[in-house]
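Student: Each chain, letter by letter, is given below.
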Amino acid sequence: MGNYVPGTKEEQNAMLKACGFSCFEDLYRDVPEEVFLKRDLDLPEGLPELEVRKKMNALASKNTLFEHIFRGGGSYHHYIPEIVNEIAGRREFLTAYTPYQAEISQGILQSIFEYQTSICELTGMDASNASVYDGATAAAEACAMCVDRKRSRILVSATVDPKILSVVKTYSFGHGSEVVVIPEKDGETDCEALKAALDQQTACVLFQQPNFYGIFENAALICDAAHESRAKAIASVNPVSLALFRTPGEYGADIAVGEGQPLGIPMSFGGPYIGFMACKSAMMRKLPGRIVGQTTDVDGKRGYVLTLQAREQHIRREKASSNICSNEALCAMRVSIYLSAMGRLGLREVAEQCTSKAHYLKDALACAGLTPVFDKEFFHEFVTECADPGAVLSALKKHGILGGLPLGDGRILWCATEMNTKQEMDMTADIVKEVLRK
Amino acid sequence: MKLIFERSSAGRGTSYLPACDVPSVTPNTELREIALHLPEVPETEIDRHYTELSHQVYGVNTGFYPLGSCTMKYNPMINEAAASLPGFAEIHPLAGDENTQGALEVMKLLEDSLKEITGMDAVTLQPAAGAHGEFTGLLLIKAWHKAKGNDKRTKIIVPDSAHGTNPASAAMAGFEVVSIPSDENGCVDIDALKAAVGEDTAGLMLTNPNTVGIFDKNITEITKIIHDAGGVNYYDGANLNAVMGVARPGDMGFDVVHVNLHKTFSTPHGGGGPGSGPVGCKEFLKEFLPGIQAECTEDGTAFRSVREEHSIGDMRSFGSNFSVVVKALAYVLSLGKTGIRETSENAVLNANYLMHLLKKNYECAYDRTCMHEFVLDLAHLKEEHGISALDVAKALLDAGIHPPTMYFPLIVHEALMFEPTETETKETLEACALAMENILKEALANPEGAHAKPEHTMIRRLDEVGAARNPVIRYTFDSEEK
Numbered sequence: 000m001g002n003y004v005p006g007t008k009e010e011q012n013a014m015l016k017a018c019g020f021s022c023f024e025d026l027y028r029d030v031p032e033e034v035f036l037k038r039d040l041d042l043p044e045g046l047p048e049l050e051v052r053k054k055m056n057a058l059a060s061k062n063t064l065f066e067h068i069f070r071g072g073g074s075y076h077h078y079i080p081e082i083v084n085e086i087a088g089r090r091e092f093l094t095a096y097t098p099y100q101a102e103i104s105q106g107i108l109q110s111i112f113e114y115q116t117s118i119c120e121l122t123g124m125d126a127s128n129a130s131v132y133d134g135a136t137a138a139a140e141a142c143a144m145c146v147d148r149k150r151s152r153i154l155v156s157a158t159v160d161p162k163i164l165s166v167v168k169t170y171s172f173g174h175g176s177e178v179v180v181i182p183e184k185d186g187e188t189d190c191e192a193l194k195a196a197l198d199q200q201t202a203c204v205l206f207q208q209p210n211f212y213g214i215f216e217n218a219a220l221i222c223d224a225a226h227e228s229r230a231k232a233i234a235s236v237n238p239v240s241l242a243l244f245r246t247p248g249e250y251g252a253d254i255a256v257g258e259g260q261p262l263g264i265p266m267s268f269g270g271p272y273i274g275f276m277a278c279k280s281a282m283m284r285k286l287p288g289r290i291v292g293q294t295t296d297v298d299g300k301r302g303y304v305l306t307l308q309a310r311e312q313h314i315r316r317e318k319a320s321s322n323i324c325s326n327e328a329l330c331a332m333r334v335s336i337y338l339s340a341m342g343r344l345g346l347r348e349v350a351e352q353c354t355s356k357a358h359y360l361k362d363a364l365a366c367a368g369l370t371p372v373f374d375k376e377f378f379h380e381f382v383t384e385c386a387d388p389g390a391v392l393s394a395l396k397k398h399g400i401l402g403g404l405p406l407g408d409g410r411i412l413w414c415a416t417e418m419n420t421k422q423e424m425d426m427t428a429d430i431v432k433e434v435l436r437k
Numbered sequence: 000m001k002l003i004f005e006r007s008s009a010g011r012g013t014s015y016l017p018a019c020d021v022p023s024v025t026p027n028t029e030l031r032e033i034a035l036h037l038p039e040v041p042e043t044e045i046d047r048h049y050t051e052l053s054h055q056v057y058g059v060n061t062g063f064y065p066l067g068s069c070t071m072k073y074n075p076m077i078n079e080a081a082a083s084l085p086g087f088a089e090i091h092p093l094a095g096d097e098n099t100q101g102a103l104e105v106m107k108l109l110e111d112s113l114k115e116i117t118g119m120d121a122v123t124l125q126p127a128a129g130a131h132g133e134f135t136g137l138l139l140i141k142a143w144h145k146a147k148g149n150d151k152r153t154k155i156i157v158p159d160s161a162h163g164t165n166p167a168s169a170a171m172a173g174f175e176v177v178s179i180p181s182d183e184n185g186c187v188d189i190d191a192l193k194a195a196v197g198e199d200t201a202g203l204m205l206t207n208p209n210t211v212g213i214f215d216k217n218i219t220e221i222t223k224i225i226h227d228a229g230g231v232n233y234y235d236g237a238n239l240n241a242v243m244g245v246a247r248p249g250d251m252g253f254d255v256v257h258v259n260l261h262k263t264f265s266t267p268h269g270g271g272g273p274g275s276g277p278v279g280c281k282e283f284l285k286e287f288l289p290g291i292q293a294e295c296t297e298d299g300t301a302f303r304s305v306r307e308e309h310s311i312g313d314m315r316s317f318g319s320n321f322s323v324v325v326k327a328l329a330y331v332l333s334l335g336k337t338g339i340r341e342t343s344e345n346a347v348l349n350a351n352y353l354m355h356l357l358k359k360n361y362e363c364a365y366d367r368t369c370m371h372e373f374v375l376d377l378a379h380l381k382e383e384h385g386i387s388a389l390d391v392a393k394a395l396l397d398a399g400i401h402p403p404t405m406y407f408p409l410i411v412h413e414a415l416m417f418e419p420t421e422t423e424t425k426e427t428l429e430a431c432a433l434a435m436e437n438i439l440k441e442a443l444a445n446p447e448g449a450h451a452k453p454e455h456t457m458i459r460r461l462d463e464v465g466a467a468r469n470p471v472i473r474y475t476f477d478s479e480e481k
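Top to bottom, those sequences are chains X and D. At position 123 of the first sequence the residue is numbered 122 (numbering that gives the first Met the number 0), and the sequence of numbers has no breaks. At position 304 of the second sequence the residue is numbered 303 (numbering that gives the first Met the number 0), and the sequence of numbers has no breaks.
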């Protein structure tokens with residue numbers, strides 16, 4: 000129905016004629032007979048906007064909108080100040096291309112420079128890129144930064160999110176590296192096993208802080224062990240936790256990566272999200288993707304440009320540090336706006352509420368009969384055990400509650416954030432108690 | 000312009016959260032000891048800061064954006080409204096199939112539409128961008144050769160006109176890149192291709208129409224040469240906007256394709272992303288697809304997510320850049336079968352019309368019917384008058400038009416590549432041609448002045464060499480603040 004083509008049939012004909020064509024088919028004379036499609040596409044006719052809106056509303060309403068969410072596992076339910084949506088929705092930001100024409104793209108370039116600064120501040124690192132696709136691809140790209148001819152083994156802790164491990168393995172199938180999983184012990188990386196696995200072929204150790212179960216790893220110990228074998232340490236971190244807890248810069252990681260979704264990006268069934276990557280100065284020129292740098296224009300005014308481009312695919316082609324071209328620039332802007340709105344104290348407040356509420360929920364569920372699996376220090380996620388997690392989760396669903404993530408073997412991974420109130424946690428515990436009593 | 004950090008003042012800010020209603024707990028673990036500098040700015044100032052930034056950005060909403068190979072078409076508003084519906088935006092990706100039936104149906108509808116448009120048998124929506132799609136497609140090819148025991152097929156053939164991501168993706172997938180020259184029309188040199196194939200050939204990466212905007216007439220012969228040699232044909236969907244509903248990669252002999260939803264299917268570029276790069280493939284590669292596919296249940300009443308048995312794994316954590324997928328579906332539903340074809344026809348018409356107008360003053364790299372884009376070659380202008388493609392592009396900034404792609408493809412040395420897209424009016428194309436004519440006149444009269452363009456932008460030519468030599472890539476806070 001709508002095709003967003005502005006010209007009338009008369010205008011189109013006039014343009015065809017001006018170029019020496021009599022019909023549209025003339026434009027396609029180079030298309031060989033055998034590949035020219037002689038039928039209509041097997042798709043429905045187009046719809047007017049009113050019908051499209053109805054159709055999309057109907058599709059959206061087929062999803063269950065939960066009032067209360069206790070599920071994390073890589074995607075987190077946080078409050079997003081309205082200013083984030085309003086500003087990121089501005090058409091100038093939304094409809095612009097990559098800022099290759101710096102003179103008319105200062106707005107985007109500066110916002111990326113501000114994003115890079117915030118990521119360095121959060122992680123305690125020296126250099127940040129302008130983003131990659133998500134936290135898992137950031138981890139995979141970080142591993143690729145460390146691999147070379149002499150060192151091609153990648154050690155990944157078993158306490159890393161299994162989705163991240165899967166992506167690291169897929170990327171490694173490409174560059175031909177070996178991925179070795181270091182076992183866990185009581186919900187933490189088994190550091191003895193790690194030390195035994197480290198050798199002169201090890202390129203890096205990838206661990207997660209807090210780990211997939213929400214538990215704080217002994218990050219300094221892991222980094223030191225890696226460095227003793229002259230391997231790099233890569234920390235995959237939750238950015239909200241960094242407002243409160245020890246940063247990768249402080250415990251000695253070489254590269255910090257993570258999923259930026261908790262910083263102002265809606266869950267949106269998994270994307271778009273944003274992978275942040277930051278490293279020590281020594282590795283700056285190995286970072287993949289775009290980086291914005293400060294410079295001056297011919298009049299001496301401060302300005303920003305895409306820089307260190309000799310790493311990138313459009314210059315280096317097959318020798319580039321990565322193939323990445325499109326990144327998640329608008330998500331990076333969302334992160335920047337979110338961090339500006341929350342500020343230093345606001346982000347700390349989010350981290351504190353996440354911690355306090357998760358601990359409250361853990362105790363409430365324990366009282367209700369859901370046994371915690373680990374007795375470790377944790378951030379905003381924890382694991383419980385019971386005979387029939389399905390019964391617990393479906394009872395919660397009846398009350399509009401999305402319970403924790405089932406992990407198999409009777410385990411559930413729970414998450415609480417600033418979004419959860421005491422009242423809904425009490426209600427959740429009551430429902431769980433009722434189910435377990437049966 | 001001030002940075003947001005330079006607008007910061009300690010203690011300022013807006014409170015967005017209610018007080019914590021449970022006892023405060025601090026885990027017994029190491030806390031952050033270094034200072035954390037984040038902006039402390041009231042909401043008014045944040046609003047003004049970003050509004051000021053937005054005035055220094057050029058979007059499709061600002062004006063004409065004929066950026067070759069980027070398909071900067073209009074981004075319909077209804078798509079944005081659809082993506083921000085709470086029933087899409089507030090859905091947890093791990094909520095389970097039973098709670099995400101609408102999302103799975105969205106995926107299924109777009110997967111099916113893309114299969115039909117590209118002539119493929121299966122589609123994964125997992126890749127987050129075009130280059131990510133290329134990497135995915137190449138891993139499918141690698142997995143297939145591996146399963147067949149073809150250990151020696153290690154080379155991917157890429158024409159020298161290809162986008163930089165093609166060789167970079169091939170290298171990431173562990174292939175060796177064999178670059179082959181283009182013929183005098185910018186098309187594949189058949190003899191060079193024949194000479195390049197062999198028992199080590201894993202496949203070919205190609206875009207058709209190619210990067211100079213010409214539909215390669217020999218396409219079926221090219222794909223046959225690769226097939227006969229035992230290789231797989233990869234279609235880079237960068238230029239799909241020229242041929243939707245007219246010619247399908249699957250019918251041209253391609254086995255795997257990626258499409259860019261952020262180009263062809265009208266989702267906005269967002270200043271560099273997010274994109275989305277779904278990959279389609281023929282039946283024989285389907286078993287290797289990554290991530291989840293949406294599938295209808297046997298009784299046709301519900302949807303479920305399925306994984307392929309011999310999947311290469313996952314390309315990213317979750318199933319897709321879902322809100323981009325929603326936008327693309329809204330676009331496909333709006334256009335329908337007729338609108339999709341008209342879109343491509345008018346993209347090609349607009350390019351030919353603009354080329355026709357520009358030819359009066361500029362030389363075309365290839366003076367023949369183009370597809371959705373074309374390349375001007377300013378080599379003579381540079382040689383005779385010292386006026387470069389860069390000079391002309393920068394002068395366009397003063398004229399309020401986004402410059403075309405510069406110095407790409409690499410096979411044309413002073414290239415300006417125009418892609419007007421179908422969503423521009425005749426008047427816009429004519430105004431661009433007039434601006435280009437005036438720029439040329441002024442540059443010929445004053446070649447020195449041409450190097451000083453732009454004159455009227457808020458920031459003028461920037462010192463890129465200095466930026467790379469002494470990288471300043473973050474703001475440094477005064478030590479007394481710490």
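Warning: the hint list may mix true and false statements.
[Claimed, not checked] Distance condition first, Cα-Cα at most 25 Å in a straight line; then the derived BS3-like pairs of lysine-lysine:
id: 1; chain 1: D; residue 1: Lys-359; chain 2: X; residue 2: Lys-168
id: 2; chain 1: D; residue 1: Lys-359; chain 2: X; residue 2: Lys-61
id: 3; chain 1: X; residue 1: Lys-54; chain 2: D; residue 2: Lys-114
id: 4; chain 1: D; residue 1: Lys-145; chain 2: X; residue 2: Lys-16
id: 5; chain 1: D; residue 1: Lys-425; chain 2: X; residue 2: Lys-54
id: 6; chain 1: X; residue 1: Lys-37; chain 2: D; residue 2: Lys-114
id: 7; chain 1: X; residue 1: Lys-53; chain 2: D; residue 2: Lys-107
id: 8; chain 1: X; residue 1: Lys-421; chain 2: X; residue 2: Lys-432
id: 9; chain 1: X; residue 1: Lys-149; chain 2: X; residue 2: Lys-168
id: 10; chain 1: X; residue 1: Lys-16; chain 2: D; residue 2: Lys-359
id: 11; chain 1: D; residue 1: Lys-151; chain 2: D; residue 2: Lys-281
Since the hints were made in silico from the structure, they are not lab data.
Student: Decide, hint by hint, whether the structure agrees.
Tutor: Now for the hints, and whether the structure bears them out:
Taking the CA atoms of Lys-359 (chain D) and Lys-168 (chain X), the gap is near 55 Å; set against the 25 Å cutoff, the hint is violated. Under the criterion of a C-alpha separation no larger than 25 Å, the hint pairing Lys-359 (chain D) with Lys-61 (chain X) is inconsistent with the structure, at around 56 Å. Of the pairs offered as hints, the one joining Lys-54 (chain X) and Lys-114 (chain D) holds, with about 21 Å between alpha carbons and a cut-off of 25 Å not exceeded. Taken as a hint, the Lys-145 (chain D) and Lys-16 (chain X) pair is broken in the structure, with Cα atoms around 53 Å apart against an allowance of 25 Å.
Among the hinted pairs, Lys-425 (chain D) with Lys-54 (chain X) is inconsistent with the structure: their alpha-carbon atoms are about 33 Å apart, more than 25 Å. Simply put, Lys-37 (chain X) and Lys-114 (chain D) have alpha-carbon atoms about 17 Å apart, close enough for the 25 Å limit, and the pair holds. Distance check on the hinted pair: Lys-53 (chain X) and Lys-107 (chain D) sit about 18 Å apart at the alpha-carbon level, within 25 Å; holds. About 16 Å separates the Cα atoms of Lys-421 (chain X) and Lys-432 (chain X), which keeps this hinted pair within 25 Å; it holds.
Between Lys-149 (chain X) and Lys-168 (chain X) the CA atoms are separated by roughly 19 Å; this keeps the pair inside 25 Å, and the hint holds. With a CA separation close to 17 Å, the supplied pair Lys-16 (chain X) and Lys-359 (chain D) stays within the 25 Å bound. Our distance criterion of 25 Å between C-alpha atoms is met by Lys-151 (chain D) and Lys-281 (chain D), whose separation comes to about 23 Å.
In the structure shown, a violation is registered for the earlier hints numbered 1, 2, 4, 5, in ascending order.
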